[in-house]
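Participant: Sequence:
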Amino acid sequence: MAGPVPPPQPPPGPPGRPLLRRLRPNPLRRRTDTVRAWVGLGVLLTVLAAAPVAAAVVGDSAHRHYQDVARHQRQTRHLTDATLLHDAPRHPEPGSDEERRTRYPVEVRVVTREGRTRTTRAEVPPGLTGGSTVRVWTDSAGEATDAPMTGREVRSRAAGWALLAAIGVALAGAAVHAVTGAVLHRRNLARWDAAWAETAPRWTTPM
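First residue of the sequence shown? That's 1 in UniProt numbering, and the numbers climb one at a time after it.
Read the hints as simulated data drawn from the structure, not as lab findings.
Errors might be hidden in some of the hints.
Said to hold, decoys possible - Restraint-style ranges between C-beta atoms, simulated for each label pair:
id: 1; residue 1: Gly168; residue 2: Arg135; range: 33 to 43 angstroms
id: 2; residue 1: Gly115; residue 2: His65; range: 25 to 35 angstroms
id: 3; residue 1: Leu189; residue 2: Gln67; range: 51 to 61 angstroms
id: 4; residue 1: Val69; residue 2: Asp193; range: 51 to 61 angstroms
id: 5; residue 1: Ala170; residue 2: Arg71; range: 30 to 40 angstroms
id: 6; residue 1: Asp87; residue 2: His65; range: 34 to 44 angstroms
id: 7; residue 1: Gly181; residue 2: Glu143; range: 53 to 63 angstroms
id: 8; residue 1: Arg103; residue 2: Ser61; range: 27 to 37 angstroms
id: 9; residue 1: Gln67; residue 2: Arg187; range: 48 to 58 angstroms
All values derive from a computational prediction rather than experimental measurement.
No residue lacks a Cβ here, since even glycine has one placed at the ideal position from N, Cα and C.
Use the sequences and the hints to build the structure in full.
Facilitator: Shown next as structure tokens:
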């Protein structure tokens, strides 16, 4: 005895990606579908071409900027001895790896390049006693500061800006594609409403 007849299934769509399927001849395809497919293809090609260019231009500009910053830092900052004015806090886990990385802000006394003595706050390892001497970086005013940027830090920051530029181009392309799709969708709805307003009276039976 034969089993129940399965319900009819729609024929499988043509193989290929959605964007390519929209570009193939199809009697049910609307003009807006074709426009959206071409816009999507154009946006994709534009992003693929513009993203590397934007990354290269922005990355090069950022690299030159941070090179100038690092050069200025090397000219205005110097390493000097600093004397702790009081004990630094002790780390709660002595001997741990975290203790070796932790630094605490402590008041220290430094001598500027002009020979003047001044007090500033510097990051020092935990557990140092007052009167201990540490090496700190100071700026032209004698304030404790970070060490000048290294070449690796310059390259890292420039690469970060290059990546952000490429991502920005991709996001701009996605926004253009989304806005275009929304506009075309609203146009389809407006045409559907107009067509239904024309067709609806023919389906209406007078009472």
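Participant: Would you pick out the hints that fail for this structure and give their numbers low to high?
Facilitator: Nothing - there is no hint that the structure violates, so all of them hold.
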